[in-house]
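These protein sequence lines map, in sequence, to chains Y and S. Numbered by our numbering, the letters in the first sequence go through residues 1 to 258 in order. Numbered by our numbering, the letters in the second sequence go through residues 1 to 324 in order.
Rather than coming from a laboratory, the hints here were simulated on the basis of the structure. Keep in mind that a hint or two might mislead.
As the list claims (entries may be wrong) - In silico DSSO-like pairs for lysine-lysine, Cα to Cα no more than 27 Å straight-line:
| # | chain 1 | residue 1 | chain 2 | residue 2 |
| --- | --- | --- | --- | --- |
| 1 | Y | K256 | S | K261 |
| 2 | S | K3 | S | K201 |
| 3 | Y | K256 | S | K156 |
Claimed, not checked - Among the chain Y residues that face chain S by a calculated CB cut under 7 Å, a handful are:
| # | residue |
| --- | --- |
| 4 | S85 |
| 5 | V88 |
| 6 | D121 |
| 7 | T124 |
| 8 | Q130 |
| 9 | L170 |
| 10 | V226 |
| 11 | A244 |
Remember, it's a predicted structure, so these values are computed and weren't measured experimentally. A virtual CB, placed ideally from N, CA and C, is assigned to each residue, including glycine.
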Amino acid sequence: MNVAVCVKQIPDSEPPALDPQHHTLVRDGKLVMDESDSFGVEMGLQLVEAAGGGEVVLVSMAPCGETRGLRTALATGAAKAILVSDPVLAGSDALGTAKVLAAVIRRLGPDLVLAGTESTDGYTGTTPVQVAELLGWPSVSFARHVEISHRALRVKRQTETGYEEVTCPLPAVVTVTAGVVEPRYPSFKGLAAAKSKPVEELTVVELGLDPSQVGFSGARQQVISVRAVKAREAGEIVVDAGEAHERVISFLEQLKIL
Amino acid sequence: MDKTWVLAEQRDGTPAGIVLELVTAARGFGSVVEAVTWGPGGAGAAAVLGRYGVTKLYNLGDIGESLPGPKVAAAIAAQLAAESRPDAILIGATHDGRDIAARLSARLDLPVLANVVGMDASGGRLTSEHSIFGGSTVVRAEFTGAVPGLFIVQAKSFAAEAAEAAEQRSLEIVEVEVPDTGPSDAARVVTRHEEEHSGPKLDEATVVVSGGRGLGSPGNYALITELAQLLNGAPGASRAVVDAGWAPYAFQVGQTGKTVKPVVYIACGISGATLHVVGMRAAQYIIAVNKDREAPIFAIADLGVVGDVTKVIPRLIEAIRARR
Ligand SMILES: Cc1cc2nc3c(=O)[nH]c(=O)nc-3n(C[C@H](O)[C@H](O)[C@H](O)COP(=O)(O)OP(=O)(O)OC[C@H]3O[C@@H](n4cnc5c(N)ncnc54)[C@H](O)[C@@H]3O)c2cc1C
Ligand SMILES: Nc1ncnc2c1ncn2[C@@H]1O[C@H](COP(=O)(O)O)[C@@H](O)[C@H]1O
């Protein structure tokens, strides 16, 4: 049972900055593993353990050969990582990213691909299912519980009003929601081992992709303007000394709620 | 703008709230509005959609136990190959909507713009607005390539309004064949579970009472449901509380939960993280109870109570009860 986990490495800075020319997020600073993907990594490790064999391989696309976020996941037990880093990828949108990730996954041929439902910095939430369609694979999004038996998945998929139980044969793409599993902390031994685990670095051409399909040219979209929104203003503040609920009641009375 | 398509997610013939919002927006572009629907009862949505000015409804019919993504995307792609393409396809930011948008984008090799909170078609130029950095900044964007532009739109970005009587149509229903989707459509829904709920729906309630991690323990979430019930409102929650299992996901407010626009939003023990605030900042009034005077929620609250939720809320509940 081999599991590929998509791991996005995102800017650590808070608040994030916009590039003044292209209006894209500035990504050349220090990058860290998106916390949203720590759940996919943990889920992958648990499924491989339950299957009694196989490995977790990380797949990431990030600028400047960044591997810091990958080392974090390698330290918790992933076997190796594949990083696609290439200047022509600057400005890639979700579909461009999906083309890159799908090309890597095609080479790997895993039984299962895990990804986050949405990333913390971009939150388009479309990349993993675009990957599935490019591969011609089934997908189950918004998984909050995943089990595998007889080469089939059994997933509890969150819906707006409850959940559905879904079965799905492998190979497949599954996106997991935050909190589905409790990500483990790396041990000192794991941190040391992570330094020597293989991280293969690939370019767009090495993946057999046409550079015009990715990056700014592949995105076929542009930002026209950026404007600040008038912020809501802070109102009255009451410090509770045992009677603040009375002010809440009079406020609700004014609004005719009470 | 000649033509816009709207994905009409529906249940038993009732379109999801977002569908009517999207159809209203599309009418505002001055274009012909057509819709695509699927699932049992789809044709039943025709009457309502006609009142909202939709002229044609492509109906895929029952898709059985399939998840909608692969089949709906394949059917739309086939239909697009057979006739003049719409300028835009508007898709609500629901779980199924995002799956369909993603598959359609990959199938058509067209990019998709997500997290849309506004659209404009003046001067024949279609642009979309995206709220970023927790709503403090709005980015306006447009596609530069081929049509249709694919847009995933957040709920409550537009108000739903029926068309003027003169614009209302008894619309044409076109039954659409779903092409073979091969292995991509191998997932099957075995059972569906609905969360029990009473009282007004979270995204329609006049009052929303939401609880966050500041409640301190799962049992204290009962304070939220109780206060919501007393105010004839709906209970909500921050993602921290949903992830911890104190409240069901259906209660989550924020970027990855529901967008609410109540008259009053009462945030109890919620810090006011940007990804929560985007789901409730459009409330007419915000009341916040938090023990930390520096919590970001106070920067947007009309009434801020600096205090312990486990003390203030029980007193509030008791005082409201005493009035009955
Ligand atoms: C991709 C992504 C999507 C997300 N989507 C959402 C979303 O849809 N909705 C959402 O809510 N979040 C979302 N989040 C998470 C969000 O960033 C915050 O982590 C979350 O909103 C915090 O929840 P909270 O305010 O309950 O908890 P905390 O941030 O931990 O805040 C708890 C607050 O309670 C106060 N407090 C503690 N004890 C008491 C007491 N006794 N009395 C009064 N106050 C007390 C504290 O001062 C603090 O301000 C998302 C995150 C990511 C990465
Ligand atoms: N550059 C990337 N590298 C690896 N995985 C990614 C990348 N971008 C997106 N993903 C995966 O897709 C999920 C959804 O991302 P997004 O579509 O950006 O919201 C993330 O949680 C990741 O698992």
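Now the hints, each set against the structure:
1. Y:K256 x S:K261: Distance of about 17 Å is within 27 Å: holds.
2. S:K3 x S:K201: Status violated; Cα separation ~33 Å.
3. Y:K256 x S:K156: Holds, at roughly 24 Å.
4. S85: 22 Å, violated
5. V88: Cβ of V88 of chain Y sits 17 Å from chain S, so the hint is violated.
6. D121: Interface hint status for D121 of chain Y: violated (10 Å vs cutoff 7 Å).
7. T124: T124 of chain Y check passes; min Cβ-Cβ to chain S is 4 Å, inside 7 Å.
8. Q130: Nearest chain S Cβ about 4 Å off; hint holds.
9. L170: 9 Å, violated
10. V226: For V226 of chain Y, the interface hint holds, since the closest Cβ of chain S sits about 5 Å away, which is under 7 Å.
11. A244: Cβ of A244 of chain Y sits 5 Å from chain S, so the hint holds.
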